[in-house]
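Visitor: Sequence:
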Amino acid sequence: MLNVNPDTVCRLIELARAFHVKEEIVIPEEPTGPDDDWYLQVLANHPADPVFKEFRSIIKDLEPDQQQEVVALLWVGRGDFEQDEWESALSEAAYAWNEKTADYLIAHPMLADYLTDALDMFDYRCD
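My numbering numbers the first residue of the sequence shown as 26 and each following residue consecutively.
Since the hints were derived computationally from the structure, they do not count as laboratory data.
Yeah, the Cβ is synthetic: ideal placement off N, Cα and C, and Gly gets one too.
Across the chosen pairs, the derived CB separations fall in these ranges: (1) Ser116 to Lys85: 16 to 26 Å; (2) Gln108 to Met135: 17 to 27 Å; (3) Ala73 to Tyr120: 28 to 38 Å.
Restricting the straight-line Cα-Cα distance to at most 30 Å, the calculated cross-link-like pairs of lysine-lysine (DSSO-like) are: (4) Lys85 to Lys125; (5) Lys125 to Lys78; (6) Lys47 to Lys125; (7) Lys78 to Lys47; (8) Lys47 to Lys85.
Use the sequences and the hints to build the structure in full.
Guide: In structure tokens:
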């Protein structure tokens, strides 16, 4: 079902947890989509962070459709879409896709939990 390797998503979960425990990340307002620039405020002080760099590198190495799947997993785990609305989540992620996907994802303080919940819904587990 997933084109993105679940092990890759699990690594992203590990990195997101490591990144978000370093300091509280405050998002000034609820993001409406990956094309907003709100995440720039959140990430302004982190470009040299090795955890952030690895996270960004992994996302950059994914094909666009795989990046879109990770975004769709975020949205399903967050409750924006139900599991049976997976195709709709993918369509919306494809429509909203841009090259700032890594920044959009990591700016969500609950990213690791959302991705974990979504993987669980699709019967994938991180070891």
